[in-house]
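S.K.: Sequence:
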Amino acid sequence: MGLPGSGKTTLAELLTPRIGAVWFNADAVRQEISSDLGFEEKDRLEHARRMGKMVEFTSKYGTFALADFVCPTKKARELFDADYVIWVDRIQEGRFEDTNKLFEKPDDADLVLREGTPQEWLEQVLELLKPEMWDNQAPTALLIGRYQPFHLGHKTLVAEALRRTGQVCIALRDVGGTDEKNPYNFEQVKAEILAACTDFGNKIKIIEIPNIMDVFYGRGVGYNIEMLELDKEIQEISATKIRNGEIDQQGKKLENTGGQNPFTGDGLQKS
73 MGLPGSGKTT LAELLTPRIG AVWFNADAVR QEISSDLGFE EKDRLEHARR
123 MGKMVEFTSK YGTFALADFV CPTKKARELF DADYVIWVDR IQEGRFEDTN
173 KLFEKPDDAD LVLREGTPQE WLEQVLELLK PEMWDNQAPT ALLIGRYQPF
223 HLGHKTLVAE ALRRTGQVCI ALRDVGGTDE KNPYNFEQVK AEILAACTDF
273 GNKIKIIEIP NIMDVFYGRG VGYNIEMLEL DKEIQEISAT KIRNGEIDQQ
323 GKKLENTGGQ NPFTGDGLQK S
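Residue numbers (the numbering used here): 73 to 343.
It is possible that part of the hints are untrue.
[What the hints assert, rightly or not] Lysine-lysine pairs mimicking BS3-like chemistry, simulated, CA-CA at most 30 Å apart: (1) 325 / 304; (2) 132 / 147; (3) 304 / 277; (4) 324 / 132; (5) 177 / 227; (6) 202 / 173; (7) 275 / 262; (8) 262 / 277; (9) 227 / 114; (10) 262 / 132; (11) 125 / 114; (12) 253 / 313; (13) 173 / 324; (14) 277 / 202; (15) 114 / 202; (16) 227 / 324; (17) 125 / 177; (18) 147 / 227; (19) 173 / 147; (20) 173 / 132; (21) 146 / 227; (22) 202 / 313; (23) 146 / 132.
[To be verified] Using C-beta positions, here's what the derived DEER-type ranges look like: (24) 94 / 289: 33 to 41 Å; (25) 99 / 282: 41 to 49 Å; (26) 279 / 132: 14 to 22 Å.
Since the hints were derived computationally from the structure, they do not count as laboratory data. We put the CB at the ideal spot given by N, CA and C, even for glycine.
Whenever a hint applies, use it, and build me the whole structure from the sequences.
M.R.: Okay, here's the thing in structure tokens:
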């Protein structure tokens with residue numbers, strides 16, 4: 073955020089490919105989606121709300137969403153509801169007098185950029201976001217499974233692995249369509265996991281692997297192989313029961329399913 077001409081878009085152009093973000097530029101959004109809005113305060117608030125919803129929907133699928141726009145008032149920033157606020161504070165006035173008059177300086181920005189080059193800003197932002205980023209060389213837990221479909225018990229396993237290690241690689245076995253126990257392909261299960269695990273941010277990675285049946289390792293390789301014990305209620309959640317329409321993916325008993333598979337959510341009623 074920041075006044076027009078402060079350098080927001082320049083920074084966004086550099087940052088987007090480095091973090092694999094989906095980028096929402098306020099001017100482009102106004103032109104293509106919010107052309108009905110003007111620049112009165114109520115319209116600016118509605119613009120902030122719409123921008124916030126777009127990034128919220130995007131981030132639900134496990135990716136960074138990046139917005140660059142003036143977001144001039146405290147109320148607008150509350151409506152947008154960012155996880156991180158980066159204020160590019162290089163100029164005292166922008167080119168639009170009405171925006172200058174309306175602009176309220178944030179007192180809670182996570183990072184304020186005033187000096188230096190755009191490349192130097194980029195490095196500061198990457199340092200800020202480092203706790204959210206996947207690091208291939210950091211200690212990582214590996215979970216191997218079919219997840220047909222992914223349910224609360226699986227998510228609980230991921231959460232425990234994250235608590236212990238800090239990041240988790242979920243390896244999906246390539247079993248989709250091999251029999252009635254494995255109806256879902258890699259992309260279906262991956263989408264299900266990402267939708268269920270948005271609260272874990274970018275600390276999970278999902279990969280496809282062959283139909284691994286045995287895990288062997290040589291002497292002294294340094295791996296810790298352990299079964300994570302969950303409470304009895306969580307262990308009762310079964311992918312087989314879910315596929316049969318007996319329970320949902322939270323473990324709730326289902327009635328009147330009509331024999332339909334709950335992965336699609338069609339025709340289900342909770343008891």
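S.K.: For a C-alpha distance cap of 30 Å, please report whether residue 146 and residue 132 respect it.
M.R.: holds (25 Å)
S.K.: Assess, step by step, whether the Cα of residue 125 is no farther than 30 Å from the Cα of residue 177, and give holds or violated.
M.R.: With a Cα-Cα distance of about 23 Å, the restraint between residue 125 and residue 177 holds, given a limit of 30 Å.
S.K.: Measure nothing beyond the straight line between the CA atoms of residue 177 and residue 227; if it is 30 Å or shorter, mark the hint as holding.
M.R.: Judged against 30 Å, a Cα distance of about 40 Å means the pair is violated.
S.K.: Next pair to validate is residue 114 with residue 202; report whether the Cα-Cα distance is within 30 Å.
M.R.: violated (36 Å)
S.K.: Residue 253 and residue 313 were given as a pair; does the straight-line alpha-carbon distance stay at or below 30 Å?
M.R.: Roughly 11 Å separates the two Cα atoms, so the pair holds.
S.K.: Does 14 to 22 Å hold as the CB distance between residue 279 and residue 132, or does it fail?
M.R.: holds (21 Å)
S.K.: Just to be sure I understand the hint, the distance between the Cβ atoms of residue 94 and residue 289 should be within 33 to 41 Å; is that true here?
M.R.: Between residue 94 and residue 289, where Cβ atoms are some 39 Å apart, the hint holds.
S.K.: Does residue 114 lie within 30 Å of residue 125 when you go C-alpha to C-alpha?
M.R.: holds (17 Å)
S.K.: For a C-alpha distance cap of 30 Å, please report whether residue 304 and residue 277 respect it.
M.R.: Judged against 30 Å, a Cα distance of about 27 Å means the pair holds.
S.K.: For the pair supplied as a hint, residue 147 and residue 227, is the alpha-carbon distance within the 30 Å limit?
M.R.: violated (35 Å)
S.K.: Would the pair residue 277 and residue 202 pass a check requiring their Cα atoms to be no farther apart than 30 Å?
M.R.: holds (16 Å)
S.K.: Taking only the CA atoms, is the gap from residue 227 to residue 114 under or equal to 30 Å?
M.R.: At roughly 41 Å apart (the allowed maximum being 30 Å), residue 114 and residue 227 break the hint.
Of the hints listed earlier, those the structure fails to meet are numbers 5, 6, 9, 13, 15, 18, 20, 21 and 22, in rising order.
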